[in-house]
Structure formats: structure tokens, C-alpha cells
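If you follow the hints, you should be able to join the two separate chains into one complex; please do so.
Protein chains in written order, with this note's numbering: chain A, 2 to 216; chain B, 3 to 199.
If you are wondering where the hints come from, they were derived from the structure by calculation, not from laboratory data.
Simulated pairs of lysine to aspartate or glutamate, DMTMM-like, Cα-Cα distance not exceeding 25 Å:
| id | chain 1 | residue 1 | chain 2 | residue 2 |
| --- | --- | --- | --- | --- |
| 1 | A | 53 | B | 54 |
| 2 | A | 53 | B | 40 |
| 3 | A | 53 | A | 81 |
Far from chain A by the CB rule (all over 12 Å, computed), these chain B residues:
| id | residue |
| --- | --- |
| 4 | 31 |
| 5 | 64 |
| 6 | 76 |
Stretches of chain B that chain A covers, calculated by requiring three or more beta carbons in the stretch to come under 8 Å of a beta carbon on chain A:
| id | segment |
| --- | --- |
| 7 | 51-60 |
| 8 | 88-96 |
| 9 | 141-150 |
| 10 | 156-168 |
Keep in mind it's a predicted model, so treat the numbers as computed, not measured.
Backbone N, C-alpha and C define an ideal beta-carbon position, used for all residues, glycine too.
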Amino acid sequence: MIRRTQNSPRRVLVIFCHPRPDGFIRAAFDQVKVGVRAAGADIRVHDLYREKFVPELSAEEHRTHSQPGVADELQQHADDLRWCDTLILVYPTWWSGQPAMLKGWIDRVWAAGVAWELPEGANRLRPTLRNVRQLVAVTSHGSSKLVNSLQGEGGKRTIFRSLRSMCHPLARTHWLAFYGIDNYQTNRRHAYLDKLAAKIERLVSESSKRPRLQR
Amino acid sequence: MRVAVILAHPNRDSFAHEIARRATGGLIAGGHDVELIDLHAIDFRAAMSTAERAAYHGQSPILDPLVQHHADLVRAIDTLVFVYPTWWSGLPAILKGWLERVLVPGVGFHFDERSGKVRPGLTNIRHLIGISTYGSPRWYVRAVNDNGRRTLMRALRVSCGLRTSRRWHGMYAIDTTTEAERAEFAAHVERAMSELR
Numbered sequence: 002m003i004r005r006t007q008n009s010p011r012r013v014l015v016i017f018c019h020p021r022p023d024g025f026i027r028a029a030f031d032q033v034k035v036g037v038r039a040a041g042a043d044i045r046v047h048d049l050y051r052e053k054f055v056p057e058l059s060a061e062e063h064r065t066h067s068q069p070g071v072a073d074e075l076q077q078h079a080d081d082l083r084w085c086d087t088l089i090l091v092y093p094t095w096w097s098g099q100p101a102m103l104k105g106w107i108d109r110v111w112a113a114g115v116a117w118e119l120p121e122g123a124n125r126l127r128p129t130l131r132n133v134r135q136l137v138a139v140t141s142h143g144s145s146k147l148v149n150s151l152q153g154e155g156g157k158r159t160i161f162r163s164l165r166s167m168c169h170p171l172a173r174t175h176w177l178a179f180y181g182i183d184n185y186q187t188n189r190r191h192a193y194l195d196k197l198a199a200k201i202e203r204l205v206s207e208s209s210k211r212p213r214l215q216r
Numbered sequence: 003m004r005v006a007v008i009l010a011h012p013n014r015d016s017f018a019h020e021i022a023r024r025a026t027g028g029l030i031a032g033g034h035d036v037e038l039i040d041l042h043a044i045d046f047r048a049a050m051s052t053a054e055r056a057a058y059h060g061q062s063p064i065l066d067p068l069v070q071h072h073a074d075l076v077r078a079i080d081t082l083v084f085v086y087p088t089w090w091s092g093l094p095a096i097l098k099g100w101l102e103r104v105l106v107p108g109v110g111f112h113f114d115e116r117s118g119k120v121r122p123g124l125t126n127i128r129h130l131i132g133i134s135t136y137g138s139p140r141w142y143v144r145a146v147n148d149n150g151r152r153t154l155m156r157a158l159r160v161s162c163g164l165r166t167s168r169r170w171h172g173m174y175a176i177d178t179t180t181e182a183e184r185a186e187f188a189a190h191v192e193r194a195m196s197e198l199r
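Pulled out of the complex, with its shape left as it was, chain B reads as follows (with noise of 0.2 Å):
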């Protein structure tokens, strides 16, 4: 399978970019084709902007080359994996604005003009999965509801379709752990990247 992971994390000695890379080590070892964003390294830009916006609605939503790279990518793909802290119980901003800026009109899903439905644009995706670290323990994460993994579980599902699978791996009040515990999640996380079908 070809495979995208979208890495979402400021520092590079930081246990996402730790989990990104056991993740892409497990998929490779499991014989998948992955190609890995580090959306930071390559100095994202988070907001859509303003001349994006207005281009929104229009025929060719997208103005970057380098969008148009994730989004060719998005499309030629079969499993999305993301990798990211969950920040104010959601997405960190740039992660957010990938979805905003990639996920257009076209690539994401298709207005159908006649009965002003959405459909979905990445049925290609078969396999949709999370990664996140929390600072939260897991009760409180589950009291304030998990915007984050919503957004990605819930409304870009919608984008992909039903038959799409989809696997969350949290690492839960990520401060309090021992460093045992996260070598621990670690291999849990390249385990079920390499035996990914």
C-alpha cells in the first residue's frame, strides 16, 4: 500500500517526531511504499489565505505547488496516518491548517450543485489513522470529548466513506510516564504500523 504520514510537531527531539519515525520504520518493514511530512521541516504555512479563500469556491482551488504536491499525494494514496500533540483538546494549528489548505474542494470532497450535497472525495483512503499525544490523562481527554481525533475520525471520515477503517493511538498524560511506558507505546505503535494490511 502506498501510505502518507503527516508528522505535525515543532521540535525534532520530540516523542511525535520519535512515533513518526518508529511508525514509518513498521510500515516499511511491513512492505508499504510511505512517504513522510514533517509539516514544521518543510515550514508549512498554517492559515489559508486570503487570495486561497477567494479561490475557494472557483475551479482551481489550489495556488501553492506544494499544496498541490499533498494533494496529488492525498489522492494517489490508500492510508492516511497522522502524527501530532493534541493541543486545547484538538488539532495544533498547523495541522488544522493542512486539512483547510490540502482537503479543498476537489480533493477533499465535491459540492454537487443541484442538490447542494457534499460528497466524498477520498474514497481512495482505506485506512485512516491517528496518533496523539496527550497531556491529559485518558478521563479528562474523554471529558472535554477529543476534538482532535473527532475532527480526523468523524468529519474527515465523512470525506473518505464508511468503508474506511479507522485505528487511534493516544498516549495518554504523556508527562507523568515513565520512560519505560513510552518505549513500551512506541513499539505497540511499529507493531501495528508493520502488521497494517
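If we strip away everything but chain A, and leave its shape as in the complex, we get (with noise of 0.2 Å):
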């Protein structure tokens, strides 16, 4: 059945992940914001480096990793992750992929009971964050789009088919990327900073307008 859903204001969840309090990840952040609240959305926000998050799994959580449930100081996160309807992470590409920190969140939070289940029997997983409806990452490169595709994109892949595969399963995904931040010129910045908050405005917005297919 299709039907259209009702006003209720989207869910958004962020994830930023930078060391620095600065520069041009951190103003990227502060665009999305900017973007979700002007799209009238519930937002939530994580920041990693803020939180001190732990992003090594430890051996007691890799002993019990079929078993559900995270650790009882990210149980804040995995229900922010269950809660929300669109995901984005901002943060700076390094070695073609998510920054050690952000791999960590994913690791560890991403676990059983909150983005997937394993039933008795079973040898595929079973994907459970059916709520979230739209992935997004907002992210720079050092080097060229070139240099990336040379590289393999692993970062993209990592969310656009790890990550999106426990998700609902026609769950958009949004690439907003700049590259080539090593070389160029301040300019070229502002404009992508420029247009990104309009572009999460519309994103969101647009996502609560969408028919929904529901099962």
C-alpha cells in the first residue's frame, strides 16, 4: 500500500567526526545544521571527538558480538541510530575511508540487536534499521575525484553497501563530497560550503515529501 505520511517532522541524526575544533570539515558541520533545522526536522548530534568516544573494540565486546545489544555507554547512540529516519556523517576522507574514529563508531555501535539480528538457525543476518530511510555523508578529499577512483572509493562503498544494507531497503543515499582540498583555492570552499546548507534543506524536506511504500 501506498500512501502519503503524515507531517511529522523527519528524524535526522549526525555524526561529525573531527579533531580539530576548526576549519573546513567543522564549517561543513555547521552548514548541515543550519540545513536541518531550516527543513523543520527533529535533529540529533554526535560529536565524536567532543564525546571522547572509545573507538576500539574491546575484547569482551568482540567475545559477545552476537549476542544484542552495545556497550551501557553507547546505549545513547544505538538509540539515536534506531530513532532516526536520515543519517549523516561529516567528516574528512583519510586513506580513501572513514577516520579511525568514525570506523570505531561504526564498529561498535553498529552491532547486534541495533543494526542487525542474527535468529536462531539463521547464517545470513537479518538488517533491523529499517527506519532509516536516506543515508548522507559530507565529506572532503585531500586529492582529486581521479586520484579517489584510483584508489577504490572504499570510504563510499563502506556506507553506500555495508552500511546500507541494514537499512531500509529502498533507502536513498547521498554523496556530498569535495575533493581535491589540498589544492585548491579558497573559493572553491566557500561555494561548496555555500550550497551545502540549501542542499540538506532540500534533502530532508524533500524525503518527508516522497510516498512511502509501506510493508
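Set out below in C-alpha cells:
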């Protein structure tokens, strides 16, 4: 059955990962928040460095990784991930992927009982983040688009293939990347940042107008 | 040859640890000089700190003596071996963080100020070897593109140079493998390492 959803506000979770309190990605993060608020959406934010997130998966977590649940200090992260319908990741691309801090957030929070379950007797994971209907990446690359293509765009694939496979089957993906940050002049950065808030606002508000397939 | 084996698994009784031991044994049997670095055992910090990020583009980007030791080692060796479990099609955070913190400008690569290009810094590395375990079967790993392998075999290889050889050993669908299959894989890895020239 296809029906239009009520005008309930979108629920947006923004994960921000950068060690420095200033700079391009920080400015992008501010623009993302402006865009989400302009769309009238509810927003929850995690600033991983400010929260002193621990990215290393522990031996205990590994031993119990097939049992549902996360470490106590990660419960809010897990709840927010189950709450949102749009997930926006804001981070710099390092070594063609997510920084260790953000990779650790994925390793530890996207756990059994949060992102997937393995029912008794099954041999394939069952995705449980059906609430996530939109995945957005806002990232910067030091090198050009060509170099990143040659390196295989691993970070993009991690989000759009691996993470997406745990989300709603019709989840949409948006790649808002800025390439060649090491070489370009500041005016191109400004142009990217100037458009970013409006782009995010459009993505978030359009997603609430789209008819939805109810299952 | 001088070889460094970088191991990234939190559990000492894991198959990755077993593989790292066997790989090290094979390398020693082949007459090589091996240093095994167990990142969890030495409490390696995965996340680049704010101070490290601030120093990244400066004259001395390394602030931690442990990281300095690893950087010196990486510049002195001929072969780099990684042993890790693939999680979310990529490297565990602790190994990703090792790349970020150790292979900084001046070690992993050099910025050419004039052209703005990046030049390889690890031209001493002759062999780049990855050994990984996967929860998923091989076809699925290929479908989602094995991004950890890409990071090491493509992005890191750019820092070494085109003459660097690449080898990959993958143990797929590990949860459904038999003990005999795992033993066979471990023996295969040990043999391959002992035959490395």
C-alpha cells in the first residue's frame, strides 16, 4: 500500500567526526545543522571527538558480538540510530575511508540488536535499521576525484553498500563530497559551503514529501 | 629481509592471532627478521588526537614516541604484513588509526609544495601482504568491494610504488568453516610466508 505520510517531522541524526574545532569539515558540520533545522526536522547530534568516543572495539565486545546490545556507554548512540530516518555522516576522508574514530563508531554501535540480528538457525544477518531511509555523507578529500577513483573510493562503498544493507531496502544515498581540498583555493570551498545548507534542507524536506511504500 | 607484521584483533585466542603466529613462524623459518606488532596488546590509540591533527602538515607531525618507533620501523623494513578481521567491509578502527597516525607526511608520503602532488614515501617496501578473515562468503565480500583490501592494496600501494608486489590471503565465511579448513588456511599462510623472497 502506498500512502502519503503525515506531516511528522523528519528525524535526523548527524554524526560529526573531526579532531579540530575549526576548519573546513567543522564549517560543513555547521552548515548541515543549519540545513536540517531549516527543513523543520528534529535533530540529534554526536560530536565524536568532543564526546571522547572510544573507537577501539574491546575483547569483551568481540566475544559477545553476536548477542544483542551495546556497551552501556553506547546506549544513547544505539537509541539514536534506531530513532532516526536520515543519517548524515560528516567527516574528512583519510586513507580513502572514514577516520578511525568514525570507523570505531560503526564497529561498536552498529552491533547485534541495533543494526542487525542473527535469528536462531539462520546463516545470514537480518537487517534491523529499517527506520533509516536516507544516508548522506558530507566529506572532504585531500586528493582529486581521479586519484580517489583509482584508490577505489572505499569510504563511499562502506557507507553505500555495507551500512546501507542494514537500512530500509529503499533507502536513498547522497554523496556530497568535496575533492582536492589540498589544492583548491578558498573560494571553491566557500562555494561548496554556501550551497551545502540549502542542499541538506532540500534532501531532508523532500524525503518527507515522498510517498512511501508501507510494508 | 626485514618484515613487520601488524596485527589488529582484540582477542588473544582469535584465529587472527593464530594466523599472525603462523605467519611470523613462516617468516622466521624463511630466514627473515620479523617484528610482530599486536596493536591491542600495546594499547595503540586509534584516534588521531587534536594536537596530532594540528601538527599533521607541519615539520614534525609525530608527537607520540610509540608512533615514532613504528614510523622508524616502517622506513627500515622491506615487507609489511597486515593481519586483521574485516569488519563492515573495512579495517578495524585500530588498524585504520595506525595508518593515519604512523604514515603521516614525511613517512607514508611527501607533499610536493610546488606541484601540489603527493609522492610515495615507502619506496623501501617490496612486498605488501594482507591476511584477513571475513564473516561473509567470498561472493558477498566481492559485491560490497572489500574496502579494507582496497585501502591496503591500492591507497597504501600508491605510497609504496608500482614495483611493490601485492599479495592477499583471505579466509572467507569464517563462522561456517571447519577446523580442518582453518588449519589448512593457517598452513597455507605459513608456507607462503616461508617462501617469500
